[in-house]
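*Asks:* In case you want the letters, here they are:
There are 2 protein chains.
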Amino acid sequence: MIDRTARWLVAPLLLCASGLGPLAAAAATAETPASVAAGLAHTALTDDWGYRFLQSLTTEIGPRLAGTEAEVRAAEWAEAKLEAAGMEVHLEKFPMTAWERGIETAAIVKPAPQRLVLTTLGGSVATPPAGIEGEAVVFRTYGALLAAAPGSLAGKIAVVTEHMVRTESGAGYGAANPIRRAGPAEAARRGAVAYLHRSLGTDNHRLPHTGALDYVEGVARIPAAALANPDADQLERLAALGPVTVHVTLTPSENPSAQSITVVGEIKGREKPDEIVLIGAHLDSWDLGTGAIDDGAGDAIVSEVGKLIAALPRHPRRTVRVVLFGAEELDFSGPAYAKAHIEEASRIVAAGETDFGARKVYAVQLPLGAAESSFGQTVGQILPSLNALLNHEPARRGGSDIEGLRLAGVPMLSLSQNGMDYFDIHHSADDTFDKVDPAELAQDAAVWAAITYLTAETEVDFRAVAKAAPQ
Amino acid sequence: MIDRTARWLVAPLLLCASGLGPLAAAAATAETPASVAAGLAHTALTDDWGYRFLQSLTTEIGPRLAGTEAEVRAAEWAEAKLEAAGMEVHLEKFPMTAWERGIETAAIVKPAPQRLVLTTLGGSVATPPAGIEGEAVVFRTYGALLAAAPGSLAGKIAVVTEHMVRTESGAGYGAANPIRRAGPAEAARRGAVAYLHRSLGTDNHRLPHTGALDYVEGVARIPAAALANPDADQLERLAALGPVTVHVTLTPSENPSAQSITVVGEIKGREKPDEIVLIGAHLDSWDLGTGAIDDGAGDAIVSEVGKLIAALPRHPRRTVRVVLFGAEELDFSGPAYAKAHIEEASRIVAAGETDFGARKVYAVQLPLGAAESSFGQTVGQILPSLNALLNHEPARRGGSDIEGLRLAGVPMLSLSQNGMDYFDIHHSADDTFDKVDPAELAQDAAVWAAITYLTAETEVDFRAVAKAAPQ
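First to last, the protein sequences are chains Y and E. Numbered by this note's numbering, the letters in the first sequence go through residues 1 to 471 in order. Numbered by this note's numbering, the letters in the second sequence go through residues 1001 to 1471 in order.
Please keep in mind that the hints were generated in silico from the structure rather than gathered at the bench. C-beta atoms are modelled at their ideal positions from N, C-alpha and C, and glycine is treated no differently. Misleading hints may appear alongside valid ones.
Unchecked claim - To be clear about the criterion: a stretch of chain Y counts as covered by chain E if any three or more of its residues have a C-beta under 8 Å from a C-beta of chain E, and this derived list gives those stretches:
1. 107 to 116
2. 129 to 141
3. 236 to 250
4. 393 to 400
As the list claims (entries may be wrong) - Estimated spans, in silico, between C-beta atoms of each pair:
5. Y:R52 x E:A1171: 54 to 64 Å
6. Y:G102 x E:E1135: 26 to 36 Å
7. Y:R52 x E:S1253: 23 to 33 Å
What the hints assert, rightly or not - Short, incomplete list of chain E residues facing chain Y, as computed with Cβ under 7 Å:
8. E1060
9. P1063
10. Q1114
11. D1233
12. R1237
13. P1273
14. A1429
Using the sequences plus the hints, can you model the full thing?
*Replies:* What follows is the structure in structure tokens.
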């Protein structure tokens, strides 16, 4: 494992602090926003608070599916952690439809009896208790399914085996997302009685990747599940040899009158407490793993930022709000938060979300026009010592938790993490604590701490600079 | 993926064949054992017969647990393959105790309810249908379990979380093996009602590794299972915080009057048909994966060797016997084969087994004294062009299928493959076809073909050179 104190990352900052760098030269003489930000980053790099936070969450709570008793335990745990970290904490409850997994088993019945490893998609309806049996019709691309005629899959089990592409940015996930989201309804339109697809995952383990689907009003809701990558390969190979019969049993259930919980910690601003810089991550997780990279790491990062800023002798001008959202995985968090907070949206000066694992931040994007402001110049000075760059492309998206705020006009902060192996693990049973590198997690917290502090300290009005910027 | 034609490996041999190398210089003029061996290796490197054999076995048969209907299908499949490859084929049936897995579920009940991923050890007895619940007592080393006093685990579930070490040779597996083999009886001696251990695996996936256990006469047979590595971590962390209650349900069953099948293909020797060079692998597999690296790859290698030698215009002096053993994973193959063939053991001039995956062969060990013989000199000439070396340490062991023959005095051949990642996959659901690199598998077949041919062609008497060698 990697040295937890992340010496290679700390070194440049220590040089700064010793007066050799331009930022720290200032720090040694008078406190500036840049010197405070560098100090926060230094602390994040040299403590292991975030890593221990994540260890505790993933071990003592473990999986925390939205709307379940485990999510309640997670919220109570988080409330205590944020309070102990010096924030003013409250919980916000909201209604949602909960979903639980039940049994998920499948097998090839003919020609070569063998087990298939799959996992039910979030929101899927159940098969009958004895399962569904039918001929598998394998489409090697999603486009081939879409090209199939209405009715052509009557009584069949549709299977899409298109691969997801590995990229640093995670763009492969976006491109493949309709296979999981829209595939079940598209298969149903063509008469299929069940839908299977190759997991949206870049690994080759017998560990399928779950995720939510989108049924369509007026189209039959058919049971849907994701196959592990090797199992999708196996179905492809067998289907190339002749007819394949598959048996699938999925017994998920829904509770339409459940409740989820968002945990909020604040550090009141010293001059403009009504102006809010919001940073968030989601506290709920899928049930298969323990939600370490999705999104316990994000919870650890924003919570550590809150802890570090709360501990400053002089709080920043604006209020910093740390939000640990409930029910993101089942698509409730963003709309619910925006609905509850629409009145104050104009006072949220910027919002950012971390929900892309625990690898290092390599780039920061600011609201439109901000990179060219004095604020952007300071950010640009801080980032090199943290091994990250300022991307002058403005942040046009935040993430699903803050998408409702974006639509309400809230300026976005966007930090890019290396996602090269994120989708090896994402939404699978493999999302566990051992996958997280403490040094990389510390770097994430360091960059987020610096950016959040500077955003809360600056007097730049992001909405105003956006209006003035060339669109 | 790697180019299936394995050009980098073929190149040196092609140079030989074009007359630039010393071996092929001979080949171009007169046929010698070395030139025939080089030709066989060349063919193995440039066809994909073994890779397609493995694809067919793992896809069209899939898992093939000994004593089950799937093993029967595998034997019939193999019989047809070896016949089509030009060998004289017969089946040998033998009695054995079959074992089937049933349900295997576990959870932490207190303090943090969550699922545990585990798999039942082969041969384990069942828990009651409703499972066993008890306090987990975690030992971070196997030695710590052995140090526990008799009776000290009364009513408890013993858990050993010692890690297995990754090595090229696989030595880590041998060192850790007692944890799985002997652990259940050692825990029972101390009063435990169930036994869990960290999988003997070097990966960090939620995929546990099964394997056989050894109960001890006179000691209670308690249910036993292997935890996935992340789940062993989780139990370690929670146990460090306080008492942990675990619930385990395992429902395996035994059939003491089952039968397994060994498939044998022969190429009769042209001069000494009664002298036998035996090369083998096991056809049965664990049920979790499809037995690609364990041991479908071995089956593919030795079957391709048989095919290549059967196709020679002039068979080697001695008979080559390709043996695809049944019931290796449940420990029956070696004793059963030796018992059935003890009368002819003196006529088996050498035996080798390939059961260590599909990575490249890097070293060859010959029977005691043979490396220094004319035979050894020829082997030493062939190997460099195949990227392998002659290890002058004699082969003192073969493998579990041929251990009974070794005890009966049969000289051993031993080829070392790179096992650095073998135990990431071994005995887990992840043992599937996609894990095999066709170029490496082709190199394995090439080395085995050369060595097998030379062993069958030489007039060296290995028992005689062993007697003459310094021990």
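*Asks:* Now look at each hint and say whether the structure bears it out.
*Replies:* Verification of the hints:
Against chain E, the segment 107 to 116 of chain Y contributes 6 residues with a C-beta closer than 8 Å to a partner C-beta. That satisfies the three-residue criterion, and the hint holds. Under a criterion of three residues with beta carbons nearer than 8 Å to beta carbons of chain E, the stated coverage of the segment 129 to 141 of chain Y fails, only 0 such residues being counted. Look at the segment 236 to 250 of chain Y against chain E: 3 of its residues bring a Cβ nearer than 8 Å to a Cβ of that chain, three or more, so the hint holds. Requiring three or more residues with a Cβ within less than 8 Å of a Cβ of chain E, the coverage given for the segment 393 to 400 of chain Y is violated, as only 0 such residues are present.
Distance hint check for R52 (chain Y) and A1171 (chain E): the Cβ-Cβ separation is about 35 Å, which falls outside the suggested range of 54 to 64 Å. Between G102 (chain Y) and E1135 (chain E) the Cβ separation comes to about 29 Å, which falls inside the hinted range of 26 to 36 Å. A beta carbon spacing of about 45 Å between R52 (chain Y) and S1253 (chain E) contradicts the range 23 to 33 Å that was offered as a hint. Annotation: interface hint on E1060 (chain E) holds; nearest CB of chain Y at approximately 5 Å, less than 7 Å.
The beta carbon of P1063 (chain E) is positioned within 7 Å of a beta carbon in chain Y (closest approach about 6 Å), and the interface hint is therefore held. Taking 7 Å as the C-beta contact cut-off toward chain Y, the hint placing Q1114 (chain E) at the interface holds, the least distance being around 4 Å. Because the beta carbon of D1233 (chain E) sits about 6 Å from the nearest beta carbon in chain Y, less than 7 Å, this interface hint is met. The beta carbon of R1237 (chain E) is positioned within 7 Å of a beta carbon in chain Y (closest approach about 5 Å), and the interface hint is therefore held.
At its closest, the beta carbon of P1273 (chain E) sits 37 Å from a beta carbon of chain Y; the interface hint therefore is violated under the 7 Å criterion. A cut of 7 Å between beta carbons decides the hint on A1429 (chain E): the least distance to chain Y is about 4 Å, and the hint holds.
The structure is inconsistent with the numbered hints 2, 4, 5, 7, 13, although it conforms to all the rest.
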